[in-house]
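Chains A and B, in that order, are what the protein sequence lines are.
Read in order, the letters of the first sequence are residues 38 to 295 in the working numbering.
Read in order, the letters of the second sequence are residues 38 to 295 in the working numbering.
No wet-lab data here; the hints were simulated from the structure.
Beta carbons are placed, not taken as given, at the ideal position from N, Cα and C, and that holds for glycine.
Hints are supplied without guarantee of correctness; some may be wrong.
What the hints assert, rightly or not - Label-pair restraints from in silico Cβ distances:
(1) B:Pro-239 - A:Gln-179: 41 to 49 Å
(2) A:Asn-88 - B:Gly-257: 26 to 34 Å
(3) B:Asn-88 - A:Leu-193: 54 to 62 Å
Claimed, not checked - Some chain A residues close to chain B (C-beta under 8 Å, calculated; not the full set):
(4) Ser-79
(5) His-83
(6) Ile-102
(7) Ile-103
(8) Asp-171
(9) Ser-173
(10) Ser-191
(11) Leu-193
(12) Gly-196
(13) Gln-224
(14) Val-252
(15) Thr-275
(16) Asn-289
There are 2 protein chains.
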Amino acid sequence: MLRPLILVTNDDGITAPGIRNLVSVASQLGEVVVVAPDSPQSGMGHAITINKPLRLDEISLFDEIISYQCSGTPVDCVKLAVDIVLKERKPDLLVSGINHGSNSSINVIYSGTMSAAVEGAIEGIPSIGFSLCDFSHKANFQPGLAFVKQIMASVLKNGLPKGTLLNVNIPKTDLESDINGIKIARQALARWKENFVEREDPGGRKYFWLTGKFVNDDKGTDTDEWALQNAYVSVVPTQFDLTDHHNISYLNSWSFES
Amino acid sequence: MLRPLILVTNDDGITAPGIRNLVSVASQLGEVVVVAPDSPQSGMGHAITINKPLRLDEISLFDEIISYQCSGTPVDCVKLAVDIVLKERKPDLLVSGINHGSNSSINVIYSGTMSAAVEGAIEGIPSIGFSLCDFSHKANFQPGLAFVKQIMASVLKNGLPKGTLLNVNIPKTDLESDINGIKIARQALARWKENFVEREDPGGRKYFWLTGKFVNDDKGTDTDEWALQNAYVSVVPTQFDLTDHHNISYLNSWSFES
Numbered sequence: 038m039l040r041p042l043i044l045v046t047n048d049d050g051i052t053a054p055g056i057r058n059l060v061s062v063a064s065q066l067g068e069v070v071v072v073a074p075d076s077p078q079s080g081m082g083h084a085i086t087i088n089k090p091l092r093l094d095e096i097s098l099f100d101e102i103i104s105y106q107c108s109g110t111p112v113d114c115v116k117l118a119v120d121i122v123l124k125e126r127k128p129d130l131l132v133s134g135i136n137h138g139s140n141s142s143i144n145v146i147y148s149g150t151m152s153a154a155v156e157g158a159i160e161g162i163p164s165i166g167f168s169l170c171d172f173s174h175k176a177n178f179q180p181g182l183a184f185v186k187q188i189m190a191s192v193l194k195n196g197l198p199k200g201t202l203l204n205v206n207i208p209k210t211d212l213e214s215d216i217n218g219i220k221i222a223r224q225a226l227a228r229w230k231e232n233f234v235e236r237e238d239p240g241g242r243k244y245f246w247l248t249g250k251f252v253n254d255d256k257g258t259d260t261d262e263w264a265l266q267n268a269y270v271s272v273v274p275t276q277f278d279l280t281d282h283h284n285i286s287y288l289n290s291w292s293f294e295s
Numbered sequence: 038m039l040r041p042l043i044l045v046t047n048d049d050g051i052t053a054p055g056i057r058n059l060v061s062v063a064s065q066l067g068e069v070v071v072v073a074p075d076s077p078q079s080g081m082g083h084a085i086t087i088n089k090p091l092r093l094d095e096i097s098l099f100d101e102i103i104s105y106q107c108s109g110t111p112v113d114c115v116k117l118a119v120d121i122v123l124k125e126r127k128p129d130l131l132v133s134g135i136n137h138g139s140n141s142s143i144n145v146i147y148s149g150t151m152s153a154a155v156e157g158a159i160e161g162i163p164s165i166g167f168s169l170c171d172f173s174h175k176a177n178f179q180p181g182l183a184f185v186k187q188i189m190a191s192v193l194k195n196g197l198p199k200g201t202l203l204n205v206n207i208p209k210t211d212l213e214s215d216i217n218g219i220k221i222a223r224q225a226l227a228r229w230k231e232n233f234v235e236r237e238d239p240g241g242r243k244y245f246w247l248t249g250k251f252v253n254d255d256k257g258t259d260t261d262e263w264a265l266q267n268a269y270v271s272v273v274p275t276q277f278d279l280t281d282h283h284n285i286s287y288l289n290s291w292s293f294e295s
C-alpha cells in the first residue's frame, strides 16, 4: 500500500528547529516532501509574491527526505509545492510549523504558518498548522510531539470537512506529562494593542519599530487561550470563508440612501 | 458638531488613482486623514513588519488633507495611524481602497486592501474595503462613486456589528446607470488555480513567476461573484473570527489515538 504523502512547510524558514521536529514526526506516518522558505517569514500573513520571480532549489537537509527551499512566502511555498514539486501526486496532508511562538487567537490572522495551512485547505488538501507557545530558537518541542503525531494520524484517518483546517497550539512545558490533553476550542476574541517604539537613525531621521501587548478580554472557557493556559493542546477548526453569514439579513434591512 | 473622522488607506500605494477617488468621496462626508503605503503592496495579505524599522513621513498630496506615507504594509499603516497619527482621536470610519482590481471571493484572503480593513475592525473601528473590478492604472472609478458614498454614509449612520467589516466590490462599467444597485452577498467559494511560468535568468539559473486562473465552481446566486457578473455592487459582511464553529462538535467526536 502507498504510504500517505505529507507536505511539510513553515514560516520560520527551512533551517528552524521547529520544522525539523515536524519532519521527524511526519516521517513516522508517511512519505515526506519539504518545501519551505529559505529565510524567516514570520508575520507575513497570507502574502503572495506577484511582482518578482521566485527561486526554488532542491537541498539536502533532512537525510533521505526530498526538500526544497523557496525564496518566497509560506503561501508561495505551498503553491510551488502543489503546482511544480508535487504536480504528479496531490498530498494527502499538509502540515505547517512547528512555529516558534503561539498562533492562537487573533495571531491566526498575522501568521505565515497558518496562512500556509489555509492555502493548503484552499487547494483541497487536509491541512494543519502547528505552533508551540515559545518564541525561543531553543524552544523545547519534545513534550508536545506525541500530540502532534496523534493529531496528524487522526486527520490522515478521518480527513477534514471541506473548507476546514486545524490550528493547533501547544503549551510551553518541560514534560509531556505536564500536558493535560487535547481541547477542541474556538479562537479567543483577543487582539494586540500595538505600541511603536520611536527612535532616530544615525542620520537623525525618525523611525518606528512595531511592538505590542496581547490583550484578551474574552473570558470564555471554550477558547484556545483558556485551553493553553490550562496546559491543554488547543485545536481550533478554522475556515477561509470569511463571510459573516449572520449579518447578511441585518445589512439587507439598510436603505443605502445618500 | 464635530464632523466624523475618516481614516483612508489602501494597498496600491498613496499615489494610486484609486485612493485619490476614495479621498474625494470621504471628504464630502467628514474630516479625512490619509496614511497609506509609499509603494504598491498588492498581495501582501495581512503581513506586518516586525523585523525592520518603519518610516512614516507627512506629505502634501491631497490639497488640505493631512496625509502620511509609510514604508510598511497596509496593516502597518493602520497600526501607525491608530497608535501614532490619530493617538488623540479614534477614527469613526476606516476606508481602504479603492483597489485597482477585484477583491471578491477568495481574493479577500490575499488582499492588502481588505487586510487594512480587517485590522481596522480588530481595532474596533467600523471599516470598509472598496475595490473596482478593473486592474488597470487607468481604471474608470467614476461610475461607482455614488455607491461608495452611499455605503460610507450608511456605515457612518448605523455603525457596524462588533467584529464585522464590509468587503465592497464594484463592477467595471462605463456609466453609473449600467450599475443595477447594491447586493448584500456571501463570499463565493472560488479559488485561484496557480500556474507558474518557468524561465531562465541571464546566468542560466531557473526562476518561477506566479500566474493563475480564477476558478469559480460556486453556482449560488447569493454570492459576490454572481452580483458582480449581474452588474451589482457586492457588499459582503466579513469577519476575522476564523473559527469554523459548526465543526467543533464533530471534532469532539474524534478519539485522537496514536
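Hint check results:
Look at Pro-239 (chain B) against Gln-179 (chain A): about 47 Å separates their beta carbons, and that is inside 41 to 49 Å. As the Cβ distance of Asn-88 (chain A) to Gly-257 (chain B) is approximately 33 Å, the hint placing it in 26 to 34 Å holds. Separation of Asn-88 (chain B) from Leu-193 (chain A) is about 35 Å and departs from the stated range, judged on CB atoms against 54 to 62 Å. Checking Ser-79 (chain A) against chain B by beta carbon gives a least distance of about 7 Å; that is within 8 Å, so the hint holds.
Here the hint on His-83 (chain A) is kept, as its CB sits about 3 Å from the closest CB of chain B, short of 8 Å. Below 8 Å, beta-carbon pairs count as interface contacts, and Ile-102 (chain A) has none with chain B, the closest being about 21 Å; its hint is therefore violated. The interface hint given for Ile-103 (chain A) is violated, since its Cβ lies 17 Å from the closest Cβ of chain B, which is over the 8 Å cut-off. At a threshold of 8 Å, the smallest CB-CB gap from Asp-171 (chain A) to chain B is about 17 Å, leaving the interface hint violated.
Checking Ser-173 (chain A) against chain B: minimum C-beta separation of about 16 Å lies over 8 Å; hint violated. A hinted interface residue such as Ser-191 (chain A) counts as satisfied when its beta carbon comes closer than 8 Å to some beta carbon of chain B; here the least separation is about 5 Å, so the hint holds. Because the beta carbon of Leu-193 (chain A) sits about 11 Å from the nearest beta carbon in chain B, more than 8 Å, this interface hint is broken. Checking Gly-196 (chain A) against chain B: minimum C-beta separation of about 11 Å lies over 8 Å; hint violated.
Of the supplied interface hints, the one on Gln-224 (chain A) holds, with its beta-carbon coming within about 5 Å of a beta-carbon of chain B, less than 8 Å. With its C-beta approaching chain B no nearer than about 11 Å, Val-252 (chain A) sits outside the 8 Å limit, and its interface hint is violated. Among the interface hints, the one on Thr-275 (chain A) holds; its C-beta lies about 5 Å from the nearest C-beta in chain B, closer than the 8 Å criterion. The criterion of a C-beta within 8 Å of any C-beta in chain B is met by Asn-289 (chain A), whose closest approach is roughly 5 Å, and the hint holds.
Hint check: violations occur at hints 3, 6, 7, 8, 9, 11, 12 and 14; the rest are consistent with the structure.
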